[in-house]
Amino acid sequence: SSGWGPLTKNVGEFFSLKERGRVLGFWCTSYAVGGYLGSFWAGKLAASMGWRYSFWVPAGGLLVIWFIIYAIQANRPEDLGLPPIEEYHGEEESLISEEDFSAASEIEGSWNTVLAVLRNKMVLLLSFVYFLLKPTRYLVMFWSPVYIEKQLSQGTAVAGNISGMFDLAGPIAVILGGIVSDKMFHSKRIPISVISLVLCAIVMFFFFYLPKTQFALAAGFFAVGFLLTIPDSLVSGAAAIDFGTKKGAGTASGFVNGSGSLGAIIGGTLPGWIDRFLGKGADIWHPIFISLSIGLLLAAMLLVPQWNVLPPTAKNSNPVRA
Numbered sequence: 217s218s219g220w221g222p223l224t225k226n227v228g229e230f231f232s233l234k235e236r237g238r239v240l241g242f243w244c245t246s247y248a249v250g251g252y253l254g255s256f257w258a259g260k261l262a263a264s265m266g267w268r269y270s271f272w273v274p275a276g277g278l279l280v281i282w283f284i285i286y287a288i289q290a291n292r293p294e295d296l297g298l299p300p301i302e303e304y305h306g307e308e309e310s311l312i313s314e315e316d317f318s319a320a321s322e323i324e325g326s327w328n329t330v331l332a333v334l335r336n337k338m339v340l341l342l343s344f345v346y347f348l349l350k351p352t353r354y355l356v357m358f359w360s361p362v363y364i365e366k367q368l369s370q371g372t373a374v375a376g377n378i379s380g381m382f383d384l385a386g387p388i389a390v391i392l393g394g395i396v397s398d399k400m401f402h403s404k405r406i407p408i409s410v411i412s413l414v415l416c417a418i419v420m421f422f423f424f425y426l427p428k429t430q431f432a433l434a435a436g437f438f439a440v441g442f443l444l445t446i447p448d449s450l451v452s453g454a455a456a457i458d459f460g461t462k463k464g465a466g467t468a469s470g471f472v473n474g475s476g477s478l479g480a481i482i483g484g485t486l487p488g489w490i491d492r493f494l495g496k497g498a499d500i501w502h503p504i505f506i507s508l509s510i511g512l513l514l515a516a517m518l519l520v521p522q523w524n525v526l527p528p529t530a531k532n533s534n535p536v537r538a
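Heads up, the sequence shown is in the numbering used here, so the first residue is 217 and it goes up one at a time.
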C-alpha cells in the first residue's frame with residue numbers, strides 16, 4: 217500500500233505513454249531484485265546476528281527511504297515549475313472514459329475519477345487477467361523448492377539454487393518487455409503480453425515432462441520466470457497506468473494488483489486442494505501444471521481482441537486500434 221499504488225501514480229505523472237514501457241520495465245526490477253536481496257540478507261542477518269536483525273535492518277532501510285521521499289519526491293512536474301509531461305512531449309492527454317471527450321472534465325482525486333477508473337473496461341479486463349496469471353507466479357515462488365526436492369532428492373540448498381532461476385529471469389524480462397512494448401509495438405502493452413502468456417502456457421503444460429536433471433529444471437524455471445514476468449510487469453504497471461491515465465493511475469494499479477492478490481491465494485493453496493481432491497499418495501504436480509497452463513492461456517485469449525488498443529484521447533474519443 218505504501219509502494220505500488222502511490223509510486224505507479226507518481227511514475228504516470230512524470231513519464232508519458234510513449235516512454236512508460238521502458239521506464240516501468242526498469243522500475244519493475246525493484247520487486248524482482250528486491251525480493252531476492254531481501255531473502256538473501258534476511259538469511260544472512262539471522263544467521264550472523266540473530267533473527268531480530270532480519271526485521272530491524274529492513275526497518276532502518278525503510279526509514280532512510282522515508283527521509284529521501286520526504287526531502288525530494290515531487291507529486292507532479294507542475295509542482296517543480298515544469299509543464300505537464302504530455303505537453304513537454306507534444307502528446308495528447310489520455311482519457312479514462314470513452315464517453316468523456318474532455319480531459320479537463322476529469323478532476324484528479326475526485327470520486328468521479330475513481331469510479332470512472334473502476335468502470336473502465338480495460339482496467340477491469342487487466343484485473344481479471346492479472347488474477348489469472350498470479351497463481352502461476354505465487355505457486356512457483358512458494359512451492360518450487362518442494363517440487364525440485366521431490367524430483368532430485370539433492371537437498372534444500374540445490375532446490376533453493378534452482379528455484380532461484382525463476383527470480384533471476386525477472387530483471388531481464390521486465391526491461392526487455394518494456395522496451396519491446398514501446399519500440400516494436402508503439403506503446404501497446406497487449407501484444408507482447410499475449411505472446412509471453414501463450415509461450416509460458418506451453419512451457420507449463422510440458423513442465424512435468426522435463427528431464428529430472430538440475431540443468432533442465434533450472435532452464436525450465438528460468439523460462440517460466442522470464443515469460444511470466446513480462447506480462448506481470450506490463451499488466452500491473454504500464455498498462456494499468458495507460459488505461460487508468462495519470463489521473464487515475466493509483467486507483468487502476470491498486471485495483472489490478474488487488475485482483476492479482478486474490479489469484480496469489482489460489483497459487484499458494486492449490487497444491488493442498490489438489491492433494492485433498494486426488495488423495496494421499498497421488499502425483500499432484502502434473503494436474504497442477506496443466507491447471508496453471510489453462511489459466512495462462514485463458515488470460516492470453518482474453519487479451520487477444522484488445523491487441524491494438526490504446527487509451528482514448530481528447531482527439532480520439534474511442535480507444536485507438538492502431
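Be a bit skeptical, because a hint or two may be false.
[Claimed, not checked] Just the calculated beta-carbon pair ranges, DEER-fashion: (1) V249 x L426: 41 to 51 Å; (2) T485 x W523: 32 to 42 Å; (3) L253 x D499: 26 to 36 Å; (4) Y286 x M400: 14 to 24 Å; (5) V249 x F431: 16 to 26 Å.
Since the hints were derived computationally from the structure, they do not count as laboratory data.
No residue lacks a Cβ here, since even glycine has one placed at the ideal position from N, Cα and C.
Violations among the numbered hints, reported as their numbers in ascending order:
1, 4
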